Structure formats: structure tokens, C-alpha cells
Amino acid sequence: MREYGYFPGCSAHKGTGIAFGVSTRAVAETLGMNLIELEDWNCCGSTPYTSTNELEAICIAARNLALAEKTGLDLVTPCSDCYIILKQANTELKAYPDLKKKVDACLAAGNMEYQGKIQVRHLFEVIYSDIGLEFIKSKVVNPLKGLKVAAYYGCQMIRPECSYDDIHNPKSLDRFMAALGAEPVSFPMKDRCCGGSMIIPELDLALGLVYKLLESAASNGAQCITTVCPLCQTNLDAYQGLVNRKFRTRFSIPALFFTQLMGIAFGIDPGALALDRSIVPADRLLSGFIKVPAA
Amino acid sequence: METKAYLMIKVDRENGNGHTAELVKELEAMSEVEAVIPVSGKYDLMAVATVDTPKKVAGVADQIQAKDWVKGLHILKVEAAVPNPFLDEVLATPGGETLRHCHQCGMCSASCPNVGQMDYSPRRIIALVRAGRRFEVLSSNTMWTCASCYLCTARCPQNVKITDIMHALERLSVRRSLQYGRNTATMYKIFIDTIKSNGVICEVGMMSKFYFSTILTGKMNPLIVFRMLPVAAKLLSHRRMPIRAAKMKEQKQLNAILKKAQALGGTQ
Ligand code: SF4
Ligand code: SF4
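Going down the list, the protein sequences come from chains A and B. Note that the first sequence ends on residue 296 in this note's numbering; no numbers are left out. Note that the second sequence ends on residue 275 in this note's numbering; no numbers are left out.
No lab work stands behind these hints: they were computed from the structure. Do not take every clue at face value.
To be verified - EDC-like mimics (lysine to aspartate or glutamate), calculated; alpha carbons at most 16 angstroms apart, straight line:
#, chain 1, residue 1, chain 2, residue 2
1, B, Lys266, A, Asp41
2, B, Lys256, A, Glu40
3, B, Lys259, A, Asp41
4, B, Lys62, B, Glu86
5, B, Lys254, A, Glu40
6, B, Lys241, A, Glu40
7, B, Lys203, B, Glu257
8, B, Lys254, A, Asp105
This one's a predicted model, so the numbers in the text were calculated from it and none came from an experiment.
The whole structure should be built from the sequences, with the hints applied where relevant.
What follows is the structure, encoded as C-alpha cells:
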């Protein structure tokens with residue numbers, strides 16, 4: 002068993018991205034991962050905090066880093082936004098000693114300390130780099146043969162830095178989907194922005210971005226999009242109806258977490274993968290691949 | 008008196024040719040050198056250096072001349088540096104220091120998915136910061152329209168951390184209360200208030216507060232409610248929006264940390 006500190010983040014924990022958290026738990030055992038959730042974590046602070054107050058934002062993130070350091074394990078999160086926020090706080094604490102001193106003083110006010118010993122990693126990175134595609138392949142019992150998938154990387158998992166993939170032309174998620182037996186389609190918008198949380202204050206701006214993604218996936222024959230971030234999934238899935246209304250389109254492309262597709266390929270009971278949380282339904286598309294394992 | 012010097016450099020073809028990018032980096036690594044710009048003609052590079060007294064210019068020139076790939080050096084101009092407190096503020100934020108290296112190529116603006124909606128493009132906003140135009144920059148919508156997609160940062164040939172600079176500009180704008188009326192800023196405030204009371208985010212509560220407050224202040228068309236209701240209804244019926252707000256346990260501890268941060272003050 003590989004052990005990791007686990008930070009689900011607000012969305013994948015119990016929010017709009019709950020299916021991500023649920024399906025991550027469901028595949029963890031097969032992957033030989035033990036995800037130890039941080040005790041009483043708080044919101045990472047996200048862009049709203051970073052964009053309002055630097056010191057407070059880093060403190061909010063640093064409390065989680067301190068909790069993770071207590072476990073002595075690297076911190077893994079499935080959310081690309083939490084990932085970049087926590088990772089950046091971690092990097093800045095190392096790069097700017099004056100800032101670190103202030104943050105230390107703040108943490109001390111809450112009887113906490115952070116020495117800077119851990120690393121922040123994205124769930125996909127850990128599965129792709131630590132566990133590896135060979136192992137994944139060995140666990141596939143229902144190859145997703147013929148399923149045309151648009152592998153969507155979004156922004157913050159691969160930019161501004163990525164240790165295991167090309168930030169200008171990522172391929173890891175395509176390879177991952179191929180390892181599950183699926184057929185990744187060419188998807189030129191694979192690393193473009195979904196609008197993230199701007200979907201709330203700037204709805205029409207964000208819908209325009211989501212439209213471009215759906216259009217790119219559909220015109221390349223994708224039957225579904227796979228995502229690595231709860232915000233991306235929500236924008237692509239829950240807002241697809243609004244995109245259709247605004248642009249007079251008829252997209253009906255399910256957006257599924259890579260963990261959900263992995264679970265189906267692993268032959269995990271679909272009930273445990275939270276597929277019913279998808280607003281654009283995926284049941285019919287996936288029914289052919291779901292085989293009930295012989296008892 | 009803070010002084011700016013413009014140094015023209017001739018590169019020795021044998022030792023330096025073909026590696027301009029490396030030579031530029033080498034010069035930029037000097038603490039006095041602010042920017043290096045490739046030029047054509049009699050000289051190959053122009054280095055802009057900032058020093059605290061005019062006397063120190065000669066020292067910097069000597070240091071550059073000592074490099075084996077420098078064939079010739081000419082001090083073009085020495086002038087009193089114009090104080091630029093706004094630029095200094097931006098340079099002092101984490102990542103902000105990279106702004107010095109921008110050479111205005113425009114790659115960031117060309118990459119930005121939202122540039123069409125911005126008052127000033129990312130490239131222009133950097134030029135305006137350099138020109139010290141605090142009010143124009145901090146009251147613009149540019150940074151509030153940034154989606155933090157990091158495309159500009161990933162593609163900038165000069166490694167300018169543009170996304171981080173956008174975040175820094177948002178903070179400076181909030182600090183001078185120039186963000187008022189920006190919907191993104193309103194959302195951010197509600198988001199932060201939620202963290203201060205619950206420690207974690209509950210999306211239903213946050214979204215309803217946001218629409219309530221922006222509609223009430225006339226910043227949002229009330230018809231948005233009719234567009235958003237079906238989205239919210241679907242999220243609710245698919246059990247993706249718990250009505251009961253989640254809460255962390257040690258809110259007091261978190262708030263003690265934040266209180267200390269406020270006492271230490273400042274975003275720098
Ligand atoms: S891409 Fe970089 S160097 Fe070019 S204008 Fe933008 S910030 Fe400046
Ligand atoms: S990070 Fe912001 S400024 Fe940069 S390309 Fe993306 S939206 Fe534009």
C-alpha cells in the first residue's frame with residue numbers, strides 16, 4: 002500500500018464535485034493507495050483569497066500544509082485549483098524567507114508549525130507517475146474498447162509547471178485513457194480554460210469558454226469528455242444546458258472524472274462510482290462497458 | 008540619488024555568437040541589471056542598470072566588460088531614475104519581481120482567452136505598471152477578467168509570472184478600494200467571508216448570497232435568476248449541493264491564525 006495525505010477540497014468532498022471524491026475512494030483500493038484524509042482541513046482559499054490578501058491566503062493554505070506535515074506524507078488532492086494554491090503556497094514559503102517568518106508567526110498563534118517538508122501533488126500525477134500505466138493496464142478487466150474520449154487537462158494541473166508532461170502539449174491523460182482501452186480523440190482545446198469559478202461572476206464570459214471546449218470535443222467525434230478537476234466537470238456538465246441555450250447548440254456530451262472511467266474499466270460496481278451525479282447522463286453510453294463481475 | 012544607466016554592448020562573435028538568450032540571462036542575473044534588450048547595428052545588446060549613485064555606473068560597466076564575450080561597451084546615457092512607487096509595490100509582491108524582464112512581445116495577450124473583454128491586454132497592463140499609472144491599472148477590469156489559466160505564464164519567453172501579477176493587481180486594487188462594483192470582487196469577498204465563518208465553502212450559500220447582493224445593488228440583471236434556477240435545480244436534484252453548510256471544527260484556531268496575519272498586516 003502506498004500512503005498519501007489526502008485533501009479532497011470543498012468541491013470534491015461534499016460539493017458539486019462529490020462524484021470525484023466518491024470515485025477516487027472507489028478506485029483507491031485497486032490502485033493500492035491508502036488516502037489518509039487530513040484531520041479537520043480547511044478550504045485552500047482558492048483564487049478569491051490569493052487575489053485579496055497575500056499573507057492571509059498563504060496562512061489559510063499553510064494550515065493545511067502543517068496538518069499534512071504531521072502525517073509525514075506527501076499531500077495529494079484531486080482538485081486542480083486546490084493543487085495549484087497549495088503547491089504555490091508551499092513554493093513561495095521556500096522562496097521568500099521573510100514571508101515564511103510572518104507565516105510562522107501566524108501559525109504559531111494557532112499552535113501550529115510548518116517546516117516545509119512535504120510536497121503537494123495532484124491525484125492524477127500520483128496515479129500516472131507513482132503507480133504507472135503498466136500497473137493500471139494489469140487491473141483493467143473491462144477495456145473501454147471503442148469509447149471515444151476527449152481527454153481534458155484544463156489549466157492548473159499542467160501549468161505553469163509540470164514535472165511529468167509537456168506544458169505546451171500534454172499527453173499523459175491521453176495515454177492514461179488508452180491504457181484503459183479507450184480511444185482518445187484529437188482534442189485541440191484540451192488544455193484551454195473552462196472559466197473555473199468565473200462561471201459565477203462572469204457567466205456569459207465563462208459560457209463562451211465552455212462552448213469552445215464542447216465544440217472542439219464534439220467536432221472531433223468525442224462521445225464523452227474526461228476531466229481531472231471538479232470545477233471543470235461542473236462547468237462542462239451542469240452548465241451544458243445554458244451553453245446550448247446561449248449558442249443554440251444541442252450538445253449532449255457527458256463529462257466524467259478519469260476516476261469514474263477507471264472504475265468502470267476496473268470492473269468496480271458502477272453504483273460506487275457516483276455516475277448518477279452526472280447531469281448530462283452517461284448511463285446509456287457506458288452501459289455496454291459495464292459488466293457485472295462474475296460472483 | 009537613484010540612477011539609471013543605459014549600456015550598449017558589443018558581443019564577441021567567437022565567444023558569444025548564437026547564444027544571445029544565454030548572454031541576456033547572464034546579464035540579467037546581475038542584481039543591478041534591470042533589463043537587457045537585443046538591438047541591431049553597431050552594438051548587439053542594451054542593458055538597463057539601476058544603481059543608487061551615479062558613481063557606481065562605472066563599476067557595473069567594468070563588471071560587464073570583464074566578461075570574455077564582451078568585445079566593446081559604451082555608456083549611452085546616465086540619468087536620474089524617476090521614482091515609481093507603484094512599480095515598486097508590484098515588484099515587491101511574490102512573483103512580481105519577474106515583471107522587470109518583460110520585453111513587450113505580446114505573447115501573453117495573444118494567448119489570453121479573455122483578452123477581448125479586458126480594458127487593457129496583459130501586455131499593456133505591464134506597460135502601464137511600468138509607466139506608474141496606478142489609477143488606470145487598479146481601476147481597470149483586466150485582472151478581474153483573468154481566469155488564472157496560466158497560458159500567458161507558460162508561454163512568456165521571459166518567464167514573467169503574469170498570472171501572479173494579475174493576482175497582485177487584484178490585491179492592490181482591493182487595498183485602495185478601487186475594486187468596488189466588480190462582480191468578481193464581490194464574489195471573492197463572499198467566498199472569504201464564508202471561510203472566516205465556516206472554514207470550508209458551501210456553494211449554495213455562496214451563490215445565493217452573491218446573486219442577492221449583486222442584483223440588489225443593480226450590478227446584475229435580475230433575469231439571471233431565471234437562467235440560474237434550472238442549473239441550481241439540477242445540481243440539487245443530483246445531490247451535488249448540500250443545503251446544510253459544512254463547517255470545520257477548529258474555526259477558532261483558523262481565525263486566530265488570520266487575526267495574527269491581519270496584525271502583521273500588508274499583502275507584501
Ligand atoms: S509574454 Fe512575457 S515578455 Fe512578452 S509581453 Fe507578455 S509578459 Fe512581456
Ligand atoms: S492567466 Fe489570466 S491573463 Fe493569463 S492568459 Fe489566462 S486569463 Fe489571460
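Verification of the hints:
1. B/Lys266 / A/Asp41: violated, 19 angstroms
2. B/Lys256 / A/Glu40: holds, 9 angstroms
3. B/Lys259 / A/Asp41: Roughly 12 angstroms separates the two Cα atoms, so the pair holds.
4. B/Lys62 / B/Glu86: holds, 12 angstroms
5. B/Lys254 / A/Glu40: holds, 13 angstroms
6. B/Lys241 / A/Glu40: Answer violated: B/Lys241 to A/Glu40 is near 31 angstroms, above 16 angstroms.
7. B/Lys203 / B/Glu257: Status holds; Cα separation ~11 angstroms.
8. B/Lys254 / A/Asp105: Since the Cα atoms of B/Lys254 and A/Asp105 sit roughly 25 angstroms apart, the hinted pair is violated (cutoff 16 angstroms).
Checked against the numbered hints given earlier, this structure breaks hints 1, 6 and 8; the rest are met.
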